[in-house]
Amino acid sequence: MPVPLAPYPSPPAPATYAPPPSGTRNQLVCSGCSNLLLYPAGATSVCCAVCNAVTAVPPPGTEMAQLVCGGCHTLLMYIHGATSVQCSCCHTVNLALEVNQVAHVNCGNCSVLLMYQYGARTVKCAVCNFVSSVGAATSISE
1 MPVPLAPYPS
11 PPAPATYAPP
21 PSGTRNQLVC
31 SGCSNLLLYP
41 AGATSVCCAV
51 CNAVTAVPPP
61 GTEMAQLVCG
71 GCHTLLMYIH
81 GATSVQCSCC
91 HTVNLALEVN
101 QVAHVNCGNC
111 SVLLMYQYGA
121 RTVKCAVCNF
131 VSSVGAATSI
141 SE
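Residue numbers for the sequence shown follow this note's numbering, beginning at 1 and rising by one.
It cannot be assumed that every hint is accurate.
[Stated by the list, open to error] Below, in silico cross-link-like pairs of lysine to any residue (SDA-like), each with a Cα-Cα straight-line distance of 25 Å or less:
id : residue 1 : residue 2
1  : K124      : G71
2  : K124      : N94
3  : K124      : V85
4  : K124      : E63
5  : K124      : C107
6  : K124      : T92
7  : K124      : N106
8  : K124      : L76
Calculated directly from the structure, the hints in this document are not laboratory data.
Start from the sequences and build out the full structure, keeping to the hints where you can.
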């Protein structure tokens with residue numbers, strides 16, 4: 001005697017992703033591991049799901065700035081106007097300079113564009129470690 005077969009169950013309806021309304025989620029860089037954290041408007045702190053570090057949320061309207069760490073090249077976020085920023089990954093203290101406090105020069109060895117603080121006499125290339133004299137036609141190697 002044949003056994004009746006039950007029909008395959010119908011697949012569940014696919015979940016639809018509805019992005020949150022604009023302006024209800026903000027972004028912040030984790031103070032422990034530098035991951036990007038999303039948080040709802042009005043939050044005062046955010047706990048990272050990766051490293052469990054609690055990062056304070058700056059007050060609304062606070063202007064933020066970014067720089068790349070000179071030690072490990074991690075992107076750092078900080079409150080605009082700070083004079084220095086300590087990297088949470090390698091603990092390097094980075095100078096946070098305003099745009100009008102820096103100058104640019106090409107490396108005397110590999111021609112990479114370098115940024116340096118006004119008043120510096122030399123600048124060392126992070127790519128090839130060549131030390132270029134600033135404002136002079138000659139360069140010195142280390």
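- Holds or violated: K124 to L76, with C-alpha atoms at most 25 Å apart: Distance of about 21 Å is within 25 Å: holds.
- 25 Å limit on alpha-carbon distance, applied to hinted pair K124 and V85: OK: K124 and V85 at ~20 Å, within 25 Å.
- Restraint status (C-alpha distance of K124 to N106 at most 25 Å): holds, 11 Å
- Message: Hinted pair, alpha-carbon criterion (25 Å max): K124, T92. Please report holds or violated.
- Response: holds, 17 Å
- Message: Between the alpha carbons of K124 and E63, is the straight-line distance 25 Å or under?
- Response: It is violated: about 31 Å lies between the C-alpha atoms, which goes past 25 Å.
- Message: So if I understand the rule, the pair passes when the alpha-carbon distance is 25 Å or less; does K124 with G71 pass?
- Response: holds, 13 Å
- Could you grab the alpha-carbon distance between K124 and C107 and see if it respects the 25 Å cut-off? Holds: K124 and C107 sit about 8 Å apart, inside 25 Å.
- Taken at face value, is the distance from the CA of N94 to the CA of K124 at most 25 Å? holds, 15 Å
Checked against the numbered hints listed earlier, the structure breaks hint 4 alone; every other hint is satisfied.
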